[in-house]
Every structure is written in structure tokens, then in C-alpha cells.
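Peer 1: These are the residues of each chain, in order.
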Amino acid sequence: MTTSAAIATLTDAFEDPSTDGGATDHALPVAAISWPTVPIEIIRAAGLRPVVIRGDSASTPLADARLEADVFPNRVRQLVEAVLAGRLRRTACVVLPRTSDPDYKAFLYLRELVRRDAATLRAPILLFDLLQSDGPDVRAYDAARTRDLFATLASLVQRSASADDVRDAIARANTARASMRRLLALRRGAPRVAGAEVLPLIGAFWRLAPDDYAALAGEAADMLDRRPPLEGPRVMLAGAPVDGPQLHAAIESHGAIVVAEPGPWGSEAAGEDIVSGDDPFAAIADRYRRQAIGPRTPLATVRQRMQPLMNDVDAVVVVTPPDDTAFGWDYPCLRAWLEALHLPHLCLFGDPSVPPGPEAHERIAALVAAARERTGTRHG
Amino acid sequence: MADKQLEATHAAAAFQKTWFNDLRRRVFEERQPYALVQADVPFELFDLLDVPAVSNQWWAALIAARRQAPPYLDAMRADGLHEGLCRYCSLGYASTRYRGVQEPPWGGLPTPRLLCARLTCDCIQRVFTLWAVALGVELFEIDHPGASDLPVRWWELGRHEWRSLVEPHRLAFVVATLERLVERLEVISGRRLDRDALRRRLELVNLQEEIFDEVRALIARAPEAPVRMTEQITNVMATQWVRGSDWAIAHARALRDEVQHRVDAGVAACPGERARLMWVGAGLWHDTGFYTEFEESHRAVFVWSMYLAFGPDGYIRYGLDDPMAALASRTASFNEYLHNPPWAAEWIVEQAREHRIDGALVLRPRSMKPAATGRLFIERALEEAGIPVLPIEADVVDARAWDPVAARTAVRTFLDSRVIA
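In order, the protein sequences belong to chains A and B.
Each residue of the first sequence is one higher than the one before, starting from 0 at the first, in numbering that gives the first Met the number 0.
Each residue of the second sequence is one higher than the one before, starting from 0 at the first, in numbering that gives the first Met the number 0.
No wet-lab data here; the hints were simulated from the structure.
Predicted model, so just to flag it, every value in this text is computed and none were measured.
All C-beta atoms, glycine included, are put in the ideal place defined by N, C-alpha and C.
Some clues are possibly wrong.
[Stated by the list, open to error] Partial pick of chain A residues on the chain B-facing surface, computed with a CB cut under 7 Å: (1) D128; (2) Y140; (3) D323; (4) P331.
[As the list claims (entries may be wrong)] Here are some chain A residues pointing at chain B (derived, C-beta under 7 Å): (5) R97; (6) D164; (7) P307; (8) N310; (9) T324; (10) W328.
Based on the sequences and whatever the hints tell you, model everything.
Peer 2: The following block contains the structure:
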């Protein structure tokens, strides 16, 4: 495979989960997942292939009739639409995590829609009850829930899987993460790849078999590393995590480069490796609890993770989707940081899965101009 | 707001003001610790350990009812907090963060020793963390595990089969969390929790809710509703905040006796009643006069809200050999039953039938997004049960975008076209 083919394969896997990707896991039954805080190591060790649903600009008329407006993120509407339209009929299960209220409510909704025969899904709808607070009882609870998810999934596909299978899945995912870190490194300092191009390469991690991903991401990183550095102000996305490159493309159309964004689809995707230890379930649960940036992540953790990213950028775009109930609370603090760093910023309201409109483009252009002026002043 | 029809309502309102003034005196003069808490935490533990608890939602409702919310809400907006963020659970925080914008009701909240919140909606952890920082006090979080077993007719299990209502792992988690809360409260108060006293308190809570059950039945069965919904709420909530106390039991009995007397004497809240309405959702605290507005024009009276009905169905737990587990079983799912499928729609339809409801007004909350969930299931279930529904878009504490005239016109049209026609 040529390196450009590696990029194309990763991008295809990101954009269309029905593509074969690396094909080593093509025959496995599919677990549809609403957000990547459901551990892929558990899904794979149990013998399934994860397909994490993302936001999209496609309309969702069936879901819109069942879900209240401005409460559920685009990705959840897409998942419910897929269920109601019968597109997940061949899916082995649907798994939603407790890491956001909309995911939990969508779990309740889907179960109710099936109970009322409004949806024809035969596959079980499961809740992965991962808690994220700091209480001393939380770690043991999360470990037990992770163990329980593994047993449920293995039983579902009638596979005799063990803790060793989980350890193996951890090792493979860690290898894939190592390749992903090479891609992420290309965004630091003078970036060599645009955000809109690299986000799919990062995000394919959640959809491809880890071995395939490790090889493809490594090849892609080799090629991208040979590119010259990109010119333009470096922009970071803050606020709610995004799961697609639409906003990146809009910002980069004005000459800036998006180099960081919170959340599991972007610069936070690799995070730390998982160290199996004696209890691989506890290790997975602990890692996902600590690493997941989402609306239920403790505020102090979000701040700890965001602050270092701001030291290497020229401007910040604060993403505020219509369903935001959590990230907006941190805006006054974020604004104070940005003002202290003399970083220009912009709050963008709207669905980040849909390309922004003309007014947003005007504001982005003004931000990029301000960032350019700042970098010009700073550099000379 | 319309005149109060019940003596009990006057007594409840007076008690709340006296209770709050006494709290301020004890905090300021005697340096007694108190806690600011979410409405769904187990107040019984605080009371038994002599750490009085003030409900965040009660405080927000008080600010809104006194029409003092807008300056705080404007200050939030000016500070960059977008309009989609929940205003109900954060109005108290705003009254701390933007304390300079006006004089707060009743002299304001003294600084608590502890904040305590169940992490239900995603915003709670953020709001309470920021509030704790603003006040310089600690926050105790009760995390909220999600339910996977979803018994539809939950209210039939809660009293006697509460162990089957909550999965064992969730129950164990909440018990462990409440035990840690007790440890924390014991440190603050310097007292030990008497487990027998907890059992006795829960027995008294059961007694109080049984009395409320009688009140609910009286209202449901009387030829014409004897008590306005707004007065039900005033009486019930003043009692629930101190549930199981001597005053609460005595007040519940006084309320029941007064309602019984009105039923026996044929006294109606709205004589000549033509339409019985239910309100689904949190109260419209900034415009409670809305609820009595249609009595004269249409003889339409609000009969039902969740506040009275949830007492007996949500709180009673029989079989108190392990009182902490019983308390945890109530805490574990608490307000989910009021909003989300499969629980809310089934219960509300059943309540509508019991109360002979002719029409339902369902709140579409503007900023309380998590509380907005389940609404479409409820609206659909009510309509399928033959009960016309009028959605009311509003924020329960934010009157700035509320058009009282347009809302009243919409209700009159609804009554004329779908309820009384």
C-alpha cells in the first residue's frame, strides 16, 4: 500500500464505517457505539467490531419526531435515526455510555421505542455505566461495570473470552495509540498537517482494527513528516468536543491551521497507554474514566488538560453546540485565561457537524486576521 | 397570585419564612453549620445530624417568585454564560457570584458549610463546583449511576419491593456514597448518626406521605377539586423539606383535615368546575398566577402536579430493616421517574385517569435541557389516552422571555377548542 493510499484508507474508515478498512475484522459482528468512552478494548476482546457513530450533516427526520430539539447532539440524532430507519438491523448490539446525559437518555429512549414497537431493532441496547466523579467508590464501580459489559458482549456473540483476551486487546490498542501519537506530534510546533486532514486519520482509530490502524497511521505519519511546515496562525478548538472536521475546514479556509481540540476524536485521542496489571478491567475503566473529556468530566480535570494546549496556539475558537449544558459554564474562566495570554478568541454557536454559515465565516475571518496580527507582532 | 383559600397554606408560608430566619440566626449568631443541597438529596441524614439543609430549587423558586431573577440572569448573560445553560439549578449560584446586583430575598443565603448535589444532569457538577469555589466551601457529590433495568410501573414496586426497583450494584453504590456522606456530616456536626433514629425518621416520612396519599385521593375523588394546585405545592414542599419532623407530620395532618372538611362541606377551589387540568413539569415560579387564571373565564382548575403525587409514590419505603438501603433506593433514581421513559409517561397517564383530567399542559423548558427530556413521550402517551395536550414553552425561573398574555391566550384557545368544546 502506498502512503497516500494509507491516508485514503484511514479517511474512508473515518467517514464511512461500512467500509472494510484494514479488513482484518470485517467479518466480526458490529457493536454500534454512541461515543468513544465505551472501551474498544472490551468490544474487541469480546469478539465484536466497534462502529462509533459520529455527527453528520444528513437530516434526521425520524429522530427529530422523537427527540426534543436542542437536547441531543447530532451524533445521537444520527444513531436514533439509524435505528428508526432500520439501518442497524444487522448490528449485534448498541452500546451507549453514561458519560453524558444525552447518551443515557438516548439509551432510555431507544429501549422505550423498542418496547413500544416504534423501532424494529432486535439487537440488545446496552448502557455502559461509566461514572466520572472522584469518589472512592467510583473506581470499583466502574471496574465492575466494565467486567459486566465484557461478559454481556461475549455471551451475546457466544464467544468464550477471557481476561487474557482483554490484555491482548489492550496491547494492540496501545500499539495503535503509539502510531496515533506520531500523527499528533505532526501538529505541534510548526504543524505539517492541517486539522481537517488529520482529524479523520486520528479518528479512524475508533473504527479500524488496531493492527491495521497502527500500520496505516504509521505509514501516513511517515509521509506527512516529509511535508514542509504549514504557514498560518495556529488555532485551538475549546468548549465541547467535536467529532468531525467540518469546523476545521471552515477555519482553515481562512488560512489558519487547527492544531488542537479536546475530546476523543482529536488531540486527546491517544492519551495514556493502558497498563493491564493484575486486573485489566480495572485498568481500562480507570483509564477511560480519567481520560474521557466530556460533559461529566470533573471541571478541574478539563482545566488541567486544556491549559497546556493553549500555550502553543495563536487563537481559540470556543465550540458551543445547541445541546451544550456543561462546557458553557467554564467560559468565564476560559476567557480570563485567554485574556491573560492575550489570545484572541471567538465563541461559535451552532452544530459543529454542519458547515458553518456566512456569518460564522465572517467572524472566523476576523479572528484569523487578529491571530495573524498577533503572530506578526510576536515574531517580529 | 390569587388569594390563598386554605388556612394550611398561610401556615406553610409562615413556617418557611420563620424557618429560614431561624436558620440565619443560628448560622450567624450560633455559628451552626448548614448545607446547601439539591432537592433530590436525602434531607433526612442532614436533619438527623443537625446540619440543616436548604434546597437549591427552593431558593431559586423563591427568587423567581419575588421577581428578583432577571438581574441575576442578566448578569449571567453579561458574564458570557450562554442562554442555553440551565437557569433553574444555577440561579442560586448566580445569587452568590453576582451578589452585588441587588439585595437578595429574606436577607440572602448565609455561607454554608457544605454543598451537596446528586450528579443527575450534566450541568450539576459544573454549577456546584463553581458555586463551591465562589463560596469557598466543600462540595459533596452523589454520583448518579444509570439504570439498566427499567420497570415500567415503578410506583407499584417502590413501597414494598423497593429492592427490585434498583439493580443491586446501583443500590450498593448509592448506599456506600450515603455512608460517606454520613461520615462527612458527622465530622461537621460532631455527632454520630443513630441508625435507630434513621429508621424511626423514615417511618415518620412514610406516615407523612401516607397522609399526602389521603390528600391526593380526596382531591382525585371529590366531585370538584377542593384545593388549587398552587396551594397543594406550597403545602407539600414546605413539608417535604423537613419531612418526617414533628412540624411536617402535624402540618400534613392539618392539611388533610382541612381538605377533608372542604370535601365534606362541598367547598370547591373553583365552584362550577368545568375542566380539570394537569401541569406536567416544574412549577412556573415567576408567574404562579397563571395557574388560577382560567378559573373565572372557563371554570378550569389545575388539579394535579407532580409535587403532591410524587410524595406517596416516590418516597414511601416499607421494610426498614436496613434504613440506609431503603433511603438509597429512593435516592438512586428519584427524579428520573418524573421525566424519562418508560417511567414518567406511564405514571402521568395513570395519574391523569385517577384525577379525571380533561387537559394537560406540558412544560417545554427553555434552558433546563435534561428536564426537557421525555416530554415528547409524555405528550404522545397523554394524547393516546385521550387527554388533549398543550405544550407550554417557558423557563421556570426566567421571566424575561415569557409572554404572559400570549400564554394565557393560547390556553384559552386550547380550552375552547379541545377541552371544553
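Peer 1: Starting from the hint list further up, note which numbers the structure goes against and sort them upward.
Peer 2: Checked against the structure, the hints that fail are numbers 6, 7 and 8, while the rest are satisfied.
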